[in-house]
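Enquirer: Next come the chains, spelled out residue by residue.
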Amino acid sequence: MSENMNLKLKIWRQKNAGDKGRFVEYDMENVSPDESFLEMMDELNEKLTHDNLEPVEFDSDCREGICGTCGLVVNGEAHGPLRATTMCQVHMREFKGMTKLTVEPWRTKAFPVLKDLVVDRGALDKIQQAGGYISINTGNAPDAHAIQVPKEASDLAMDAAACIGCGACVAACPNASASLFTAAKISQFALLPQGGPERKRRAAQMVTQMDIEGFGDCSNLGECEAACPKEISISNIARMKREFVGAMLG
Amino acid sequence: MKLDSKIPSGPLAKKWDKHKFELKLVNPANKRKYTIIVVGTGLAGASSAASLAEMGYNVINLCINDSARRAHSIAAQGGINAAKNYPNDGDSVWRLFYDTIKGGDYRSREANVYRLAQVSNNIIDQAVAQGVPFAREYGGLLAHRSFGGAQVSRTFYARGQTGQQLLLGAYSAQMRQVKLGKIKLYTRVEMLDLIKIDGRARGVVTRNLVTGELKSFTGDAVILATGGYGNAFYLSTNAVNSNASAAWRAHRRGALFSNPCMVQIHPTCIPVSGDHQSKLTLMSESLRNDGRVWVPKKKGDKRPANEIPESERDYYLENKYPSFGNLVPRDIASRNAKEVCDEGRGVGASGLAVYLDFEDAIKRLGKDVVTEKYGNLFEMYERITDENPYKQPMRIFPAIHYSMGGVWVDYNLQSTIPGLFVLGEANFSDHGANRLGASALMQGLADGYFVIPYTIGGFLAKVGASAINTDAPEVKDVEKEAKDRIERILNIKGNKTVHEIHKELGLILWNYVGMSRNKKGLEKAIQEIPKVREEFWKNVKVTGSGAELNKSLEEALRLADFLELGELIARDALMREESCGGHFRTEHITEEGEAKRDDNNFTFVSAWEYKGENQEPEMHKENLEFEFVELTQRSYK
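Chains as they are written, first to last, in the working numbering: chain A, 1 to 250; chain B, 251 to 887.
Honestly, the hints are just simulated from the structure, not real lab data. Values in this document were obtained by computation on a predicted structure and should not be read as measured data. It is possible that some hints are incorrect.
As the list claims (entries may be wrong) - Facing chain A, from chain B, some residues (calculated, C-beta under 10 Å):
{"hint": "1", "residue": "Ala332"}
{"hint": "2", "residue": "Ile374"}
{"hint": "3", "residue": "Gly389"}
{"hint": "4", "residue": "Val792"}
For glycine and all other residues, C-beta sits at the position ideal for the given N, C-alpha and C.
With the sequences and hints as input, model every part of the structure.
Expert: Below is the structure:
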């Protein structure tokens, strides 16, 4: 059992998309190292409500690292300090010895702030809509074993498919590129025989949509991979670039 | 009220085909004249929205999340059942049907469950075609594993993220239809009420969770695919935003609510660590394939696990249930964990936990194999507890996980309100008193991909297409009620937060309506819950306004409904004077301490009718007829 912590929190508050926003400081005392970061934020909100103040709005849902809803920048790091972990799974013990934490939303033009720490990530859905699917209607499928997929390909596809669409890759990238997100989806389908027929079209359309949504270019800095809670490999971006060039050359 | 389940006549194996043939069809060119509102984007919501749009219907699809991909189906870990019999181990549609009926302790409909088993194989085919990366063997074919309550290996999986991959498959199909303009998708929108016109469900009133704007959507039919009500208990494995309000609002408008006392308590969750706890995290049941459950033989033995010699450990599941061992169904595993903890043999600081030990699995299979099978689960466990399950056994304890009960639906998945269909966890239909592992994904997708596309056509063809103006007085009335409810909550300006009151409700439910129940406790719950409800309406405190993003307000609206539903759960549990599946009444046990059903008096589905605020609801019965299966005492010994 380690000791409880006292913290000064510097949190981004912004009334709505039109508001300029500012940092506000709050004190949190006697925080258990065994509670999660979001549970600590819950406690802060309970306190604010009792003080007749508006709680700090932040997104979260499953609180077990799979839905991709949560996401904060803590002390400059997307999803906080723990590698391969979403914000909801970071526990206060990770901040042992620290007294001050700065909490910000994902910051990028393509994800406008809606309120406080809540952002609009609809642009990622638009990329998916541009081609992140195999065009097959319900009821048309052949028997599952009619399609054999080598285990290696299947495992690699699963590595890419593990993306939770949280947007940390964008938040961590100095160019605010959504390349890792887009590449993960393109790779999943490019690696599987089922994805073959639409392979070129998909790569061309999804990459184009990424640009339309206002995301930046990839300059191979690797910040996305480091911030990714699901450890999606940057090699997917290389694959996406090959797929895209292949599509452009016909 | 006479409940007509509309089960087709004839042999079990032919019912669905016969019914599909007899259902009226909507001509392909006429489908575009109909609008269907789908509330929810989980497995059932996404799969139905996509399938209906592909067929040509106009679909309006709503979800409370910021993206359709985030619905809580995503958190299902272990797998999805199907009767493929690929392992050649004797599986069949009949066996999957039989296991599900038996696992549900004979409190579900034969015809629905048989259909579920029949279409299970189509789901796997569909998902593979969509590019869902299921686990595969070196030969390139699909891998599978076993799950609780079955002696065959029929569970398909994608690492520990099967729900995620199946949901993303359905989501991809849904996004394709959004792009094609056949689905109009609205995210961060919550259904506040159901609009009924001339007795038919014709739309929903919603609140935009960003701007607070109230807006109504109308159409020819409404589908609720809004999940379960486990969060009534405050702590559960559900996502923090999962709620029962859509289903409860439909109930208040006349949809009967069935078997609310049938909630599933999942045996393998990470134990509570303190008051700050906001939710409980599940460890997939698949861990019980290789993990061994035990507690010390001696009461109050506080030695670390590795200092307790083999001879002083009680592998109570293996000892008590030799043929199923650690793979007994969930209700039995949960109850036994509670029993050993009640005896004072629980482990960890709170004494409210049992061990799930992988030492033997690591010795037998090697660490690499264990990592490949369960690596992400082990990591998750360590992140939360700061303990390494490769070196010391996991500590687990049961938690509220799934609701078998839900809105009553007939064979067509239609509720008692014409035009209101309910799919997935939100309905009551397939799991009886206990759901088997890896069957939730199966049911959600069966309903969405392969049942509703047929049955809704039968309804629509009969009523014909017609539009409802959102300015109609019936629509405006419901909008006004929703607006008034919001204002009422904001004007209370009391002293307790939503979470504080929700915790009070949760504690009553967990203590008296949880893993084991008795008459006295249930009566107490029925007395106490209305007091908490009164406290809420007098003393809740929600700051901020209704015209902006305000999560406390969202949670308050949901809690108001849980406070009504919670009482119904207790009433249903009190009424059901027997033990079955997840419903365990301490007055009704066999000599060996197992659940004792009363088939003579309780082979029915309860269906409660709402009678007004603070009025006692009225119970109706749908008698369950077992034509093809013999009711036996469920034994896993």
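Enquirer: Less than 10 Å between beta-carbons is the criterion; does Val792/B satisfy it with respect to chain A?
Expert: holds, 8 Å
Enquirer: Report holds or violated for the interface hint on Ile374/B, using the least CB-CB distance to chain A and a cut-off of 10 Å.
Expert: Because about 5 Å separates Ile374/B from the closest Cβ in chain A, which is inside the 10 Å limit, the hint holds.
Enquirer: Does Ala332/B hold up as a contact with chain A if the rule is Cβ-Cβ below 10 Å?
Expert: holds, 9 Å
Enquirer: Go through the hint on Gly389/B and say holds or violated, using the shortest Cβ distance to chain A against 10 Å.
Expert: holds, 7 Å
Every hint from the earlier list agrees with this structure, and none is contradicted.
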